[in-house]
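**Q** Each chain sits in its own coordinate frame; assemble them with the hints.
These protein sequence lines map, in sequence, to chains A and B. Mind the numbering: the first sequence is residues 0 to 458 in numbering that gives the first Met the number 0, read in order. Mind the numbering: the second sequence is residues 0 to 421 in numbering that gives the first Met the number 0, read in order.
Quick caveat, the hints were computed from the structure, so don't treat them as lab data. Glycine included, each C-beta is placed from N, C-alpha and C at the ideal position.
Derived DSS-like pairs (lysine-lysine); straight-line CA-CA distance at most 30 Å: (1) K158/B / K111/B; (2) K235/B / K374/B; (3) K374/B / K386/A; (4) K420/A / K374/A; (5) K374/B / K86/A; (6) K374/A / K86/A; (7) K33/A / K205/B; (8) K130/B / K111/B; (9) K374/A / K382/B; (10) K386/A / K382/B; (11) K130/B / K205/B; (12) K111/B / K235/B; (13) K386/A / K374/A; (14) K374/B / K374/A; (15) K235/B / K86/A; (16) K235/B / K382/B; (17) K86/A / K33/A; (18) K386/A / K86/A; (19) K86/A / K382/B; (20) K235/B / K386/A; (21) K158/B / K130/B; (22) K205/B / K158/B.
To give a feel for the contact side, a few chain B residues facing chain A, derived at Cβ under 7 Å: (23) E89; (24) L90; (25) R245; (26) H249; (27) N250.
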Amino acid sequence: MNDDAFSVRQIDLASADAHVGSGDIPSLSIFWWKDLPLGMQASLPDELPYTEARLRQLAAEFSAAQLAARSVALGAPLRATYEGWPKSVLSLAAALGVQNPLGCLDELATASSASAQHISVVICTRDRGPALAQCLQSIARQSSAPGEVIVVDNSRNATARPLCVRFPNVRYVHEPRPGLSVARSAGIRASRHDIIAFTDDDVEVHHGWTAEIARAFAQWDVEALTGLVLPARLDTIAQRRFQFDMGGFGATFVPLIFDQRFFEETRPSGAHVWKIGAGANMAFRRSAFERVGSFDERLGAGAAGCSEDSELWYRILATGGACLYEPRAVVFHHHRRDWPGFRRQIKAYMKGHVAALVVQYDNFGDRGNIDRIWKQLPAYFVRTFIKALFEGSPGRTRILAAEVQGWLAGLQFLLRLGWRKQRTSNWLRKKTDDPQGSARTVPVSKSISKGPDRRPLLP
Amino acid sequence: MSFNTDVPPWVRIKAMGYKIVDVELSRPLAPIELAQHQDGVGLIARWHNRLVGFEMIARPTAGVLSAERLRSVADQCFAPRILVTKLEEELLRQRPVAEPALPNLSIAICTKDRAERLSRLLASLDDIRWKSAFPFVEILVVDNASVDSATREAASRFKDIRYVFEPRAGLDFARNAALRSATGSMIAYLDDDVVVDRNWLEGLAKAYQDHPHAGGFTGLVLPLRLDTEAQLFFEKRGGFGRGFNRNEFHNARFDNPLHPVGSGVLGAGCNMAFDRALLLSLGGFDEALDTGAPLPGGGDLDIFYRVLRSGRPMIYEPEYAVYHEHRETIDQLRRQYWTWGLGMMAFLVKSRRTDAELRARHRAMVCWWFFDRLKELARAARKLQGRDFRFGVAELLGGIYGLAGEYDRSRVRVQSIREQNQ
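So that you can see chain B by itself, here it is in the shape it has in the complex (with noise of 0.2 Å):
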């Protein structure tokens, strides 16, 4: 890369993105071409359609990525995977199954105040609930309290919506109120800030037919935009991705003697599906976790764990993938950072007092977390990555102030809205 001698080249580096590709690898690979702003391409694989990797690679020469760049990286990351998914559909071809009847679905998006983003899901999932193959797919709307009419409207331009509106704000209450308003006998949550991938209802109902008795379904999540150097910063840490093999959760793991107290493994919140009756008679989510500030997550881990501790597996799903609007900035990403260490302290604290059976778990899970925080941050301060430390430092303060009794209060607020809305 040249430099513009008149500018500082931190300057330049500051103002990239990355360009987000989608390419089929049974085509012939083409160069691929980035705006003046861009220097880097996260690359989305297919093969036959299929989901099989994602790839961030940095900085190509002169503005192009070359085909032997892209065909390199395919060798290495690709290849292996697509091997492995052509012998799947080689061995369900010899040895076909039964495939057991898909159940009615509903669609949950629980969304506060952002009635752009809503339109933006609403428009992806408008181009492929009429192509599924689930027999009934209705789809609701909660709105979270929203301030105006916005969200109310943006549903309403859509076709075959159903609007709920919740009043308490929080988004398990949103959660809940979805949950008894929906038909189905599966409902699947989604966050207001992704939008789904094209196979998002195949890949759930793949899952579905492989594990009809799973309590519960979660999913691969990639970026949508690559454009701040908080995106970026995000994703290569790893995001939310959780790879493109299938994975199997159940009450215990032999590689993982703290599971499933761990259960952050097996997804993320923002794109998670469960059997209705399942969840109904788990008694829903917890209202006091994912409150919004100041306790803002762990509403997910807890839901996690108490299907795997109801004795049903849970099966993440790499081709039910939706694309999340990471944070942009890098004050909101900090901000983050302190929300997960507060949120799985207060799901911990939760646990802890709710399952005896698991207690000796929990305390080696709250040991591990700091441990490992704590082997994080001696790394960034000996690599000297000055972000990666106070990231670090934000989550760990957020974990201390979590196991500080962070769930007790968001109890006592909690029950205070639930009183003002009677």
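Just chain A, with the same shape it has in the complex (with noise of 0.2 Å):
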């Protein structure tokens, strides 16, 4: 049953047939109230097509979990727990004294209409011309239209700029320089808005992507936002591994904040920060990058790997920010389509993943994010391993064998820090006689401003 294709596709419990298109082939269901994305399900044929009172039950139970999230008398907005999933506050009077549930719905619902044109967005490529054609147009059919589209062409030869002029509204940057944070901080730096809006090559954003990215910064104070990302095809193993078994790009259909708290309770194993989102669908106001600088240049694909976004989360909440995941802003991801692929990304997330611990270590001296290196995660492929073993899913394992290279990858970046640290303190101790004196003490305002890779970024 693993070897069929999965169709995607979008359902509309709002409207009256929507049992009607379910089919019976296996699919992804991605049900939608309107404009409002309430959560998904994978089907085999068996299990195909819902009947209506199954619909009736999905639409009950999602749009509950809506209301409880969103509707401020039933306790929204709700803040991210340790696992990254929200903990419903609601109340039994509040759930007895609701009146109208499918008005307040259909409220929710509503799709924004605010303007976009205080918005730059963002994408990075390298050498991914048709993708990035598929991803420039459904960017030209935003409902509210983005101030200003920036292309950053990473490649060497500059191979995106003949598909860039096609598109009249496209601004074209060349950064040779490999690096997706390299190339993210030349768009940062080519902007012109206050917010900057950042998607990828492989993406096909939602027709009011822009839109909602204005509602969600004119409607919550917070420096950063990040939106759903919903896989766009389900064609090979690959893609299914990655959804599937890999958790995709996350799963959550409700909002949350993910602050302070968060940050503090999850800060014993390495503060979680990549459950805030993905770089594939992520905006900031210009006052961040000010605030706690830019990408780290050391992180990202091109360099460690991955995790230069959510590094870059890391210092806005180690600094007192806030981060707002809003799954109204929607962005279709197409996975890596071959196994070999597959495997490469798998890896270069896990070795951008110890790199990014070690940065963060670097810069704020939490032990927890080396904690996290050598107790969490060798935790994690022991019992990834048992449970693969036991459940039968030999697909696991290499997947499993892929993350544990990429573990061993990352650790050059923990050695290379050691080397740097013993310098530096040796320097430090003849500098001021301070035996203390290590990169660990430095406060957060130094280290922030501190480093080659974190140069202010505005001209």
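**A** Have a look at this one:
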């Protein structure tokens, strides 16, 4: 059953004929209430088509979660718990008092009409012409057009230039220095508006994407925003393993605040900032970069692998800021189709994750980051291995092998940090005669502004 | 809690039981007073008469469960479910569906030498059968080789009960006898150690109207009493509870590659209903399972499995609820865990033999089951939970014994029972 391609369907539960289209081939159904994403469910042909009663039950369960997470009278907004999931704060009195729940839901599902003129969209690309063309087309279809669209071409020979010329509203920037962080920083320098939204070249965005980002920033005083990343296609085994075994890019459909409490709760095991979202769908206020700096050039695709996004959220949270996850901002991501590519990606993720933990430790001195490398991650490997052995999913062990390779490759960053630490602390000791002198005690504000990779970005 | 100094504390704790209370949440919550010997509450929660939750609340102070404590439990455990229920009703109101006509219903109660419990169950059915939406409801009492006439007399005290005597001892002999003598096109089975909820028939009717093509239905099983240590222990470990969300089961399931081999998730044999024609076409229950000692289990797993394999879905409906009298003593409970292991493995051995297509899944299920039980044992050992450990061992040993040819032994025994009664 894992051999069949899954179709990805969009089902609007608010329409009366929702049950007609659910079909009888393996599918991942993404449920909506008009423009509000509600949830998703994978089903095999035996479970399809969904009956009317089943869809009614799904609609009720999903919309109850939306009401509890979005209606202020029911306890919204929700904060992220340790797991990165919401914990409902619904009270009996509030639940009993709800009048006209479907009316409330309709109201919540109204699409945003906010102007996106103050948003700069930055897309970094590297030698992926056809995918980029799809991405740019989806951005051209936005219901609220963004103030500007910047494509940062990270290829050596400026291969994306001819394509970008075809889109009249796209500004083209060539950044030949390789690395996603470098390219994103170039995008930030080139951008002119107050809010900078990032997406990737292997993504198609929903037509309300920029409008929803504008609405979220208008409603909330946060520095960073992330959104929902849904799979665009699940044709190949690599795509399905990524979505179903590795959890894709998350499956939370309710908005969440990631704040100081989340940071403090997860700090002992390295602050779980990767639960905040994905780089394929994120946005920042310009002031955030002014305050904590740009993406770390040691991280990200082309450098350590990934996690340049989560490391930036770490800096925002560690210095008192907050991030909002708002699943109304939807993008569709094309997962890697080929198995070797998928394996490389998993390896890069783990390597980048370890590198980010080292960088975070370097910046703020939280032991939790190092503990995660030496305790939580190996424990996770052992647990996953035993589980895969007994539950008999052979594919999982192959993925695990890639993860372990990534982890081992990531350890080099720890060694390098160790050497550098030794040098600087000796140097400090000589200079100040302070026996305690080490990077660990450098205050936050200093550590943010130091280092060659975090020079001020704005001219 | 204050302890009387001349009584050691464990003596008092052992004597404790839980009071079971039925609370309507749409009315203001009142504190619950407990009797001397009770130290907790088993809270059955309803909203506008619909079941929305069950929680066990331990140790209220000074013999009273305050309204505040009650409210905080309701906030945490029942409020989300109420919101879902509200939305469901609202959606149904906005988009009403054509309700298919209900079938004639036969209720089959299989019993052996338990006249008192049978009367209790018949009394609870008597309250609801005349008010139900089903066009025709018959109640069959299948007397499974009782030694005296008490069962017949108990049945005769109620109006309009059909009494059937099945001389061959064994629960599945009785269930098949009921299947043959019933007249309804739907047949609902009840064990004699349950009492039905007041919405039992409505719950079944609702599940049927939403899923008229389902091959079978299972329902929620709540505790009837929580008076002894064994009953409390059993319920705290999860009991027969399968939650308060309706669930659909098909021939395959995306989130469980072993499905439908692990058919225990569907529900329990003490409360299940089927399309009678389907059961007849499947050949009824396997009489070598559920024979009473020495193999008193596995029959429900087997029939759920075969219904799903026939391609018809099964529905778990929480409002189709009964209250089950759990085992009273620790020894009986240990015996039950042994039975679970035994029945599970006998079922797997049988299915592996009869259903070649899913052989890999049966094998994987055996591996998974032993792995899971060993994991539980390790956890109990680590936390020094002696009782969990002993029950875990009982279940594990039952599983080993079941794997080692119990199904074949049972078939031989059943064959000789058949021959004796020809």
